[in-house]
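Those protein sequence lines, which keep their order, are chains A and B. Per the numbering used here, residue 2 is the first one in the first sequence, and the count goes up by one each step. Per the numbering used here, residue 37 is the first one in the second sequence, and the count goes up by one each step.
Simulated from the structure, these hints should not be mistaken for lab results. Be aware that one or more of the hints could be misleading.
Unchecked claim - Pairs of lysine to any residue residues, derived as SDA-like cross-links and limited to a Cα-Cα distance of at most 20 Å, are as follows: (1) A:Lys41 x B:Gln145; (2) A:Lys96 x B:Ser139; (3) A:Lys158 x B:Pro129; (4) B:Lys154 x A:Ala57; (5) A:Lys83 x B:Asp186; (6) A:Lys41 x B:Leu112; (7) A:Lys33 x B:Pro133; (8) A:Lys60 x B:Asp183; (9) A:Lys45 x B:Ala166; (10) A:Lys96 x B:Lys154; (11) A:Lys60 x B:Asp187; (12) A:Lys41 x A:Ser146; (13) A:Lys60 x B:Arg175; (14) A:Lys45 x B:Ser139; (15) A:Lys45 x B:Arg136; (16) B:Lys177 x A:Ala107; (17) A:Lys60 x B:Lys154; (18) A:Lys60 x B:Pro129; (19) A:Lys60 x B:Asp186; (20) A:Lys96 x B:Gly140.
Because the structure is a prediction, the values reported are computed rather than measured.
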Amino acid sequence: MKPRFENIARSFGVPALMALGLALPAWAQNPKLDLNQLEKLASKADEVVDVTLDGATLKFAERFMESDKDEDDAEALNIIRKLTGIYVKSFEFDKQDQYSDADVEAIRAQLKSSSWTRMVNVTSRREHDKELDEVYVMAGPNGKSNLGLAVLVAEPKELTVVNIVGPIDADHLAALSGEMGVPDFEHRHERRGGKHD
Amino acid sequence: MTKSTFLMLGLGTLLAATPTFAGDREFHEIVDRVAGAYHKRPMRMMGLVSFVARPFMPPGVSGLNLAVFAGVNPALPAGSRDFASFMQDVAGPGYHPFVRVRSGREPEQTYIYLHDAKDASDLLIVTMDASDTVVVKVRLKPEAMRDWMDDPIGQGRSHRNGGWLSDRN
Numbered sequence: 002m003k004p005r006f007e008n009i010a011r012s013f014g015v016p017a018l019m020a021l022g023l024a025l026p027a028w029a030q031n032p033k034l035d036l037n038q039l040e041k042l043a044s045k046a047d048e049v050v051d052v053t054l055d056g057a058t059l060k061f062a063e064r065f066m067e068s069d070k071d072e073d074d075a076e077a078l079n080i081i082r083k084l085t086g087i088y089v090k091s092f093e094f095d096k097q098d099q100y101s102d103a104d105v106e107a108i109r110a111q112l113k114s115s116s117w118t119r120m121v122n123v124t125s126r127r128e129h130d131k132e133l134d135e136v137y138v139m140a141g142p143n144g145k146s147n148l149g150l151a152v153l154v155a156e157p158k159e160l161t162v163v164n165i166v167g168p169i170d171a172d173h174l175a176a177l178s179g180e181m182g183v184p185d186f187e188h189r190h191e192r193r194g195g196k197h198d
Numbered sequence: 037m038t039k040s041t042f043l044m045l046g047l048g049t050l051l052a053a054t055p056t057f058a059g060d061r062e063f064h065e066i067v068d069r070v071a072g073a074y075h076k077r078p079m080r081m082m083g084l085v086s087f088v089a090r091p092f093m094p095p096g097v098s099g100l101n102l103a104v105f106a107g108v109n110p111a112l113p114a115g116s117r118d119f120a121s122f123m124q125d126v127a128g129p130g131y132h133p134f135v136r137v138r139s140g141r142e143p144e145q146t147y148i149y150l151h152d153a154k155d156a157s158d159l160l161i162v163t164m165d166a167s168d169t170v171v172v173k174v175r176l177k178p179e180a181m182r183d184w185m186d187d188p189i190g191q192g193r194s195h196r197n198g199g200w201l202s203d204r205n
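So that you can see chain A by itself, here it is in the shape it has in the complex (with noise of 0.2 Å):
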């Protein structure tokens, strides 16, 4: 019997292990991040907004830019295009210390795959703020393109997470800045005179 359960062990258990094998790599590399490990701050907060941008939705976005014919728009419409969802995840608390540095952290978990690597972190100069503003982006296999963008925002009152899959690079971010539920970096960075690195 035993030789028996070894063969088929053999047989299932290896292409099995080579199919995860093959899996894992595809799984690291998903540029869409689980927002809803942030769920469990609802019930705290004040507010919390969900924007889906993916599909059909991108789809109308980029025909009202098209039509729209803004100058402005041209470069944040060339970057929609390529991309396949935009998904903002923010809660607005009405008093300061609603969430922990732990609950930040259940998303900089899913950041910190050898795929995805810090390309901006603002701090607030203050202290006893923990205002910061991170973003990453996820390299792709060839590393010629992006496969994805992620934004944490952290303030006092506000938790917001950005996350773009696609082609993307933080320069980019620029053009998408104040649209589309992606926060305006440049009013913020002006707002608190924050550092860079």
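Chain A is already provided as a structure; the job is to place chain B on it using the hints.
Below, chain B without anything else, positioned relative to chain A:
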């Protein structure tokens, strides 16, 4: 006013209103699904309110449809897994989730869906609070979509606070 003038006015009103009713069939189906889930009928005269309010819509916004369900328990109807999937069932497959605004402490939530129309987009907005459920459908031309695309978070919050008509220029 003569009898024939009355007849002409009546016919004119009827002809003007007929395409609206045909286009609103989809909205009525959505309203029926909410009514079926909560075993409540919408408040009367909302069709008339929608019709009267149409000329006062902001630029690029048209085709207002409004239904108000008063005294609705905002709990998830039996047999539904969660609000997101329940609302998607209510909206139907043609509508795509766009913005969702929830209050963490109060049973208040707003779901906003987009539907592709030929030269415009249909926006379906369902707001539920402790006692009422309001279903609104409007057609947005690209110029009206601009505000939503520029700032979907702000627009969603504004709508939740009842400012979706008043804060637009």
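Hint check results:
1. For the hint pairing lysine 41 (chain A) with glutamine 145 (chain B), the CA-to-CA distance comes to about 16 Å; that is within 20 Å, so the pair holds.
2. Between lysine 96 (chain A) and serine 139 (chain B), the direct Cα distance comes to roughly 14 Å. Compliance with the 20 Å bound is thereby established for this hinted pair.
3. The suggested pairing of lysine 158 (chain A) with proline 129 (chain B) is violated, with an alpha-carbon distance near 36 Å, which exceeds 20 Å.
4. Taking the CA atoms of lysine 154 (chain B) and alanine 57 (chain A), the gap is near 13 Å; set against the 20 Å cutoff, the hint holds.
5. As the CA atoms of lysine 83 (chain A) and aspartate 186 (chain B) are separated by approximately 19 Å, the hinted pair is consistent with the 20 Å bound.
6. With a CA separation close to 19 Å, the supplied pair lysine 41 (chain A) and leucine 112 (chain B) stays within the 20 Å bound.
7. Note on lysine 33 (chain A) and proline 133 (chain B): the hinted pairing holds, with a Cα-Cα distance of about 17 Å set against a maximum of 20 Å.
8. Among the hinted pairs, lysine 60 (chain A) with aspartate 183 (chain B) is consistent with the structure: their alpha-carbon atoms are about 16 Å apart, no more than 20 Å.
9. Between lysine 45 (chain A) and alanine 166 (chain B) the CA atoms are separated by roughly 18 Å; this keeps the pair inside 20 Å, and the hint holds.
10. Between lysine 96 (chain A) and lysine 154 (chain B) the alpha-carbon distance is near 45 Å, which puts this suggested pair outside the 20 Å criterion.
11. Among the hinted pairs, lysine 60 (chain A) with aspartate 187 (chain B) is consistent with the structure: their alpha-carbon atoms are about 17 Å apart, no more than 20 Å.
12. Taken as a hint, the lysine 41 (chain A) and serine 146 (chain A) pair is broken in the structure, with Cα atoms around 34 Å apart against an allowance of 20 Å.
13. With a C-alpha separation of about 17 Å, the suggested pair lysine 60 (chain A) and arginine 175 (chain B) falls inside the 20 Å cut-off, and the hint holds.
14. Between lysine 45 (chain A) and serine 139 (chain B) the alpha-carbon distance is near 9 Å, which keeps this suggested pair within the 20 Å criterion.
15. With a C-alpha separation of about 17 Å, the suggested pairing of lysine 45 (chain A) with arginine 136 (chain B) holds against the 20 Å cut-off.
16. Of the supplied pair hints, the one linking lysine 177 (chain B) and alanine 107 (chain A) is violated, its CA atoms being roughly 40 Å apart against a limit of 20 Å.
17. Restraint check for lysine 60 (chain A) and lysine 154 (chain B): the C-alpha separation of about 13 Å stays at or below 20 Å, so the hint holds.
18. Taking the CA atoms of lysine 60 (chain A) and proline 129 (chain B), the gap is near 16 Å; set against the 20 Å cutoff, the hint holds.
19. Simply put, lysine 60 (chain A) and aspartate 186 (chain B) have alpha-carbon atoms about 15 Å apart, close enough for the 20 Å limit, and the pair holds.
20. A distance of roughly 13 Å separates the Cα atoms of lysine 96 (chain A) and glycine 140 (chain B); the hinted pair therefore holds under the 20 Å criterion.
In this structure, the hints that do not hold are numbers 3, 10, 12 and 16, in rising order.
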